[in-house]
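Chemist: Each chain, letter by letter, is given below.
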Amino acid sequence: MNSKVADRIATTIFYLIAATIVTVLVGLLGYIIYHGFSKLNLDFLTSPSSSFRAGGGIGNQLFNSFYILFLTMVFTVPLGLGGGIYMAEYARPGRLTNAIRTCIEVLASLPSIVIGMFGLLMFVNLTGWGYSILGGALALTVFNLPVMVRVCEDALRTVARDQKEASLALGITHWHTIKTVLLPAAFPSILTGAILASGRVFGEAAALLFTAGLTTPTLDFSNWNPFDATSPLNIFRPAETLAVHIWAVNTQGLIPDVREVADGSSAVLIISVLLFNLLARWIGSIVHKKITASK
Amino acid sequence: MDNKTMTLAASQRLLKKSNKSALQKEKRGKYLVLASALLIITATIAITIFLGSKGLQAFISNGVSIYEFLTSTKWNPTAENPLYGAVPFILGSFAVTILSALIAAPLGIGGAIFMTEIAPSWGKKILQPVIELLVGIPSVVYGFIGLSVLVPFLRETVGGQGFSLLAGMIVLSIMILPTVTSIATDAMSSLPKGLRESSYAIGATRWQTIWRVLVPAAMPTLLTAIVLGMARAFGEALAVQMVIGNVRSLPSAITDPSATLTTIITLNMGHTTFGSVENNVLWSLALILLVMSFIFILLIRYLSSRRQF
Amino acid sequence: MKKMKSVYLLAVMALILVVATACGNKGTEGNANGDSKSASGSIVVSGSSAMQPLVAAAAEQFKEKNPDADIQVQAGGSGTGLSQVSEGAVKIGNSDVFAEEKEGIPADKLKDHQIAVVGMSAAVNPEVGIKDISKKDLIKVFTGEVKNWKELGGKDQKIALINRPDSSGTRATFVKYALDGKEPVEGAATEDSSNTVQKLIKETPGAIGYLAFSYFTDNSGITPLSIDGVKPTDENVQKGKFPIWAYEHSYTKGEPKGLEKEFLDYMMSDEIQHNLVPEQGYIPANKMEVKRDAEGKITKK
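Protein chains in written order, with full-length UniProt numbering: chain P, 1 to 295; chain A, 1 to 309; chain V, 1 to 301.
The shape of chain P in the complex, shown without the other chains (with noise of 0.2 Å):
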């Protein structure tokens, strides 16, 4: 008898948790596009920021976010599927593995703010960039390697075994396999992993602070010449992206209007990496139809 109550009792408790959990994610949702909602608009979306006066926009914040996010995605993709291939088809029970396996954990659990700093050492101050797009989209890639490996070693190892073992018994060698047979096969999961490991570069700020600056120079949209100082293209210079706007304007902002920007900055924060979680989904269910359909 009292076991059923206790029974009852905590299959309560558990509604309740889960009705919790839902209850915060579906508040802070509705939160932030209730109130950014009504900011936004392509104005807002388009002019530049302005440090002093009220009514600026996120124009520059905003293209500086999908740059340097594309930038790392450059250099992480192929450094992430490099390390994945070598963890799931090379590596053998040993020191080695073992060491890149631990490095691994470390890097992933290294605080955001440590590698921002590891940054300002090494991509500003030692190479005398300055704080930089490219010293930041580096120490964004120290931040998503050990994502993108893990999400390449897991992709290839779900692939069936029979398929790479009828390949190899074919006298195909190893790495000829894996480029044809593996890699498309694990090709869906990559880029599922790719694009949602994307909306937590995209969302990053602490890395960013001392290695890309907190602030963006005039831009001038029609000079495409990456080699210009104003040109946005320019990697070499200094570049806030919009989650370091949404910092910068809360603790050291001067402008009146913070709580406009912040709260239009924040829903499109929340917007795009709600976008790339429905898009991760979208092409990995197309490309896993496609794959899967007769040829």
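Derived from the structure by calculation, the hints contain no laboratory data.
It is possible that some hints are incorrect.
[Unchecked claim] Computed Cβ-Cβ distance ranges for the label pairs, DEER-style:
#	chain 1	residue 1	chain 2	residue 2	range
1	P	V24	V	V185	34 to 42 Å
2	P	L233	V	V185	28 to 36 Å
3	A	K193	P	L274	30 to 38 Å
4	A	V158	P	I283	40 to 48 Å
5	P	T218	A	F94	29 to 37 Å
6	A	V158	V	D156	41 to 49 Å
[To be verified] Covered stretches of chain V (in silico footprint by chain P; criterion: 3 or more residues with CB under 8 Å from a CB of chain P, positions within the stretch not fixed):
#	region
7	66 to 77
8	184 to 194
Predicted, not measured: the structure shown is a model, and the values here were computed from it.
For each residue, glycine too, the CB sits at the ideal point set by N, CA and C.
Please arrange chains A and V on chain P, whose structure you already have, making use of the hints.
Modeler: The following block gives chains A and V in isolation, referenced to the frame of chain P:
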């Protein structure tokens, strides 16, 4: 996926393309991926060496006493007789980490049990995406909401200024909740089926099964989930900085403002000059963060060596 | 797969090329031509976050006149600005404290250009009921000797101190000139942003903090304090009556040349000093009737 057709298609593709220099390519490919893997080791070593040497500089070349640094509660690097006691920040970091784990652990593990044991059919369909979305919310957004909603709310309800350990704890616990939940879910669902069935067979209720059989069996992994969450909380910088008040004295109550290692670093980094003592001690604080994340990893390794399932 | 790979390789190679050329470019940057009429070239200015808006706005206007010149103004804090200018990483370093006051900076190698003055004072939550405070009492408040506003003739409210981070220039100025060097005790919160400090003072009963004059507007919801009966106004600072103020410095390594010089001259011109400087809540440097050196000694101009 139809494996047979896949394999067939693949082998045809392969046969067509097999060429003479295959062995060479094989070697090149292997070295290529090995290089990427070795880069990870290089990066880790570089970070350790760079931050280690920079973090020790304050003690070696500036003569800051390491004993004072780790035991004194007085921090005032800009005073005429500078004081470098990092205890308030070390304690502050541990306090918010442990407090947030105290909230996130029951919620996260409870959520995991809900998904795997209570309502496996539909619970997972709802909670799984919720957890994934929570992971995706950037930490600055948590900080911003904490600053604009939580802090005023705490000021009205519990008094004080609102900036407090309590605010930091709440923000962090929501941030680490998805980490704890998703690993705990994996732990629960990887338990062998027989465990459950034999428990029900001897007439145990669901709660008894969960509490007496499943949770103890999954314990090492559940602890891993909590430790990983704590590692994340310990290193979180911006969200905490926005709500905790950043006061360098020891808090006496949970509603008092406090500071953590990360918040002091972010607040002072730009104001201090590179190479000065005030700046170097910030790197020493970062070194503590680095060492702590090594300790968290050792803890996780120890826990996973005790995994039963 | 194959095609994708070659496209990818191409992209990476292009990127490396960009990096290499841009690296090469870097060396020639900043070679401003001082002889020609219209300034050209490019320089980087870095430092104090508080000064960034002023300098960036001036740089904007300067660029309108000299389209060939490019001036980038970065923010990263006074310390960053001073270290970067002394290392030669940037041409101009902005700071809200004297270089002499920062440790590890070769102040003798830097040339100080005081481009503006910022006045600051303590401000309280309006409910506190105090508008004037003696310096002695102010020190008592910030050193924790007085804990309730009642003791100073105000409302029966606990005093809540809002501080700035240890290394902030605002804090250094306030401690030096308002508290005579006495370190404040830890209070309710430590915040870097003047906006946040203003908001906190407005919202928190019994709060006191310190802010630049530009935050003392009619609708700011806070009460600025007169000190020893002297009101915190620009005139009082200019005449040397009100003690809490600081210079906004732009440092160059050695004498400025070329574009740096032209830009700094422009900053000191009436166009900036009489428009942009007061517009952003600063006091023009050339209106000051007193002068202060790095030790804090004040002399008549």
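Chemist: With reference to the structure, classify each hint as holding or not holding.
Modeler: Comparing the hints with the structure gives:
Our hint of 34 to 42 Å for V24 of chain P and V185 of chain V holds, since their Cβ atoms are close to 37 Å apart. Separated by about 51 Å at the C-beta atoms, L233 of chain P and V185 of chain V break the suggested range of 28 to 36 Å. Range check, K193 of chain A to L274 of chain P: Cβ separation about 36 Å, and the 30 to 38 Å hint holds. Between V158 of chain A and I283 of chain P the Cβ separation comes to about 46 Å, which falls inside the hinted range of 40 to 48 Å.
Range check, T218 of chain P to F94 of chain A: about 45 Å between beta-carbon atoms, so the 29 to 37 Å window is missed. A hinted range of 41 to 49 Å for the beta carbons of V158 of chain A and D156 of chain V is inconsistent with their spacing of about 21 Å. Against chain P, the region 66 to 77 of chain V contributes 6 residues with a C-beta closer than 8 Å to a partner C-beta. That satisfies the three-residue criterion, and the hint holds. Here's how the region 184 to 194 of chain V fares: 4 of its residues keep a CB closer than 8 Å to some CB of chain P, so the rule of at least three is met and the hint holds.
Of the numbered hints stated above, those contradicted by the structure are hints 2, 5, 6, listed in ascending order.
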